[in-house]
Amino acid sequence: MPYLRIIVKRLALLLLVVLGVSIITFVVSHLIPGDPARLIAGDRASDEIVLHIRQTLGLDQPWPVQYWRYVQGLCHGDLGTSIRTSRPVLEDLKAFFPATMELALAALILATLLGIPLGILSAVYRNKWVDQVVRTLSVTGISTPAFWLGLLLIILFYGRLALLPGSGRLPEGLDPPTRITGFYLLDSLFTGNRATLVESFRHIILPGFTLGFVHLGVVARQIRSAMLEQLGEDYVRTARANGLPKWGVVFRHALPNALIPSVTVLGLALGDLLYGAVLTETVFAWPGMGSYVVNSIQALDFPAVMGFAVVVSFAYVILNLVVDLLYLVIDPRITEAG
Amino acid sequence: MASLLSIEDLTLEFPIYQGSVRALNGVTLRVEPREIVGIVGESGSGKSVTAMMVMRLLVEGSYRVRGSVTLLGRDVLRAPEAAMLELRGSQVAMIFQEPMTALNPTRRVGGQMVEVIRLHRRLSRARARAEAVALLRDMHVADPERILGNYPFELSGGMRQRVLLALAFSCQPKLLIADEPTTALDVTVQRQVLLLMREKAREKNAAILFITHDMAVVSQFCDRVYVMYAGGVVEDGPTAEVMANPRHPYTRGLLAALPDRTGSRGQLEAIRGSVPDLTRLPEGCAFAARCPLAREACRQRPPSVVTDPAGRHRAACWAVQEEVQTP
Amino acid sequence: MDTVIANAAPRAGLAHDLGYLWYRVRQSPLTMAGLAVIVLVLAVMALAGVLAPFDPNHVSLEQRLLPPSGAHWFGTDEVGRDLFSRILYGSRQSVSVALFVVPVSGTLGSLVGCFSGSIGGKVDTLIMRCTDIVLSVPSLVLTMALAAALGPSLFNAMLAITVVRVPAYVRLARGQALLIRELNYAKAARAFGGSRWHMVSWHVLRNAFPPILVQASLDVGSTILIASALGFIGLGAQQPTAEWGAMVATGRNYILDQWWYSAFPGFAILVTATGCNLFGDGLRDILDPRLKGK
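Protein chains in written order, with the numbering used here: chain V, 1 to 338; chain X, 339 to 665; chain L, 666 to 959.
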């Protein structure tokens, strides 16, 4: 059963990755000059307080011991406590995760809805002007600094045209809908709350587009590349020799076969979007994991940064697993051949 | 009776870095209804390109072409794409060398056959499927229902070629073009497929244009043969005659290299030298560098075609010309 | 079709290969455009001193936050410095990051990778596991964390980006090394007694070069983006040095009224990265064997 083998392999990798990530971030966070205990206590705290904090947090222990305690904590799902918010990092991340996920999904939907057709056009009209335009667009997308694009959109749609809001998930004074999934759009839909539905939608447009624009390029290029590969295959020649018109060949033969390997890329794009949201969230003051981590970095709050890295790496490996399994399901060559 | 296919002085080039590759250099050939015509030559002789041009399957814009190709009365080089679409798969069908990769690997055979059948004939899905079953049965496939439900990778090479043949004949084509259809198959299967092709073509009154590098197959299978070298036709005529009495040195060389001819103890003779660079074809005869009979004229001017008195057996060679002129 | 082309007699020689490369590059307008942008940016970087109308650090408080005009093409910042000049000089920060990071990480990573692939065995496995782990940490976050830990400065930013980039090259080079090991002619060379290290390194490096080159040219663009992202959050080159990302960040405070402050530096980032990516893409299209033909 290929499924089982893949799951086991991925889980083993997961363990390795989490371990490795924790080591890396641990090492990095201990590179910082300065005293974390003093950072927590504040500049004006007395030396006794600093000492007390150091002892409580075990910061006076040798590194390997500290690391071991951290790993033990990880096994219990304890990611440490944020220096900045003084809450468990896991709690912080749980609170901010849905916002980031909602944004990432919105961006992914946009990127695929626009990216796939563009990629198809680009492949079918290879080297003609359509291809050049799409490729320029794709490359521009990938080359755009997300934080800058976000700012431009804010200037235009919020500053000049006053059409869309410039920050946050909801306007001041409007309470979020009852939390079912944490996704404002879905929760509003489920609870029939029209006001928050409309406002959530208005607030997600700009950041969603900003984040999605970059990945539009990634998707278009992947589809183009996969389509070009399929269009060069023998079965396409057979189909044409049998009289199938060009677009028939494209949509009924080449595209389905091109999507199969592309699933991997698209699935992983979601992972990229999750942490790529970092800068977009900052610009739009979107209360997600991204802004959280940037604030943490600027405050040198390393438990929080470490926690974020561990969580996202974890999510990435799980995503890989899901994508691999999906691949098994949709490619008949693998399932049928057993 | 007009020819099914008539190619006149076809010259085709692919532009590349620093020049162009002249794949075809003045090719002239004909296929009459119900004939089996072979094109034989080695890799690079232009035989596959010729076949692809009959149905205009090459990528638009990747080549420059001169001459004419007339298929079933239509000017292929100038016809609109819609006209070509109508021809392909219905009145003219083509099968290729690699049955292993010729079918879409992620769709079942039945679906692919039904799609092609419904493209050219107005049948419901169920009727088209029944038709597919009948076609497979006609190709001597046992248990065609099961085959329709299979994916291509579940079938052997020979079976896949039968499927492709069934598809080729599905719309009663007048011409079947087969580009090395048996080269990638086992020897035993090769013979089966060839016999099947001939049987069905005769049954359905179709002509076959058969492309191969294998002279032995040609001698058993084709009524007429064209021998191609470096993009040009060097000799053509009824197979029996060309085999018995090859006139062009290249043809002689090919035949001399066949194991059967040299007897059990003779040595296999290879033609010395190698194929010319198609980006820099010589001014004279393309074969001159390798030809045992080459003379001054061969290097200077491309040879003109010499026809035998019966008018069916032709060769493009200065040596042959001289032979004819000096009684 | 392939057999027809293959009959063209092979003409060897580095000059010919480069000529062919140039021919292919010339054929693609997008790649040429990318190249033009790269040349332009390099020129700006070199000639900033000559091209800039003002001293980028010249403070002039009466002239603060002026809109674009004949005198100040891109306007001025909050202490009256000419933005156009600052952007010209800012090219030095961004481009030097790329010029440092890509060759260093590329060379280091390739050497380690070739070594790893050629040696094989436990050492190879160990190195690959380490690479896998580093690659599974989201690179942006790791870069930021590392840069923050090392302290905000241009050099630390360059270091952080380099460190995070190396594993990708290690993996790439190792893959090529493994391929080469299996090739018959390498085995033949071994049979003829060529010293193992010499043969392996020469063949490996020569054949691994195209994919590594492609990866490197693609990396230039993303390095510039990451460097400006670091600048945006305050890591990287510090004031008063002009750095594009940092300028966008400062400009954020004034975006509603003085839109030009954030717009122009960001646009410079966009143009530079686009040029590098276009060229890198074009190069990849040319050198990727799978996309050849038709």
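Derived by calculation from the structure, the hints in this document are not laboratory data. The beta carbon of each residue, even a glycine, is placed where N, CA and C say it ideally should be. Do not take every clue at face value.
[Unchecked claim] Quick partial rundown of chain V residues pointing at chain X, CB under 8 Å, derived from the structure:
| hint | residue |
| --- | --- |
| 1 | E199 |
| 2 | R202 |
| 3 | D234 |
| 4 | P332 |
Hint-by-hint comparison with the structure:
no., hint, result
1, E199, "44 Å, violated"
2, R202, "42 Å, violated"
3, D234, "4 Å, holds"
4, P332, "5 Å, holds"
When the structure is compared with the earlier hints, violations turn up for hints 1, 2 and for no others.
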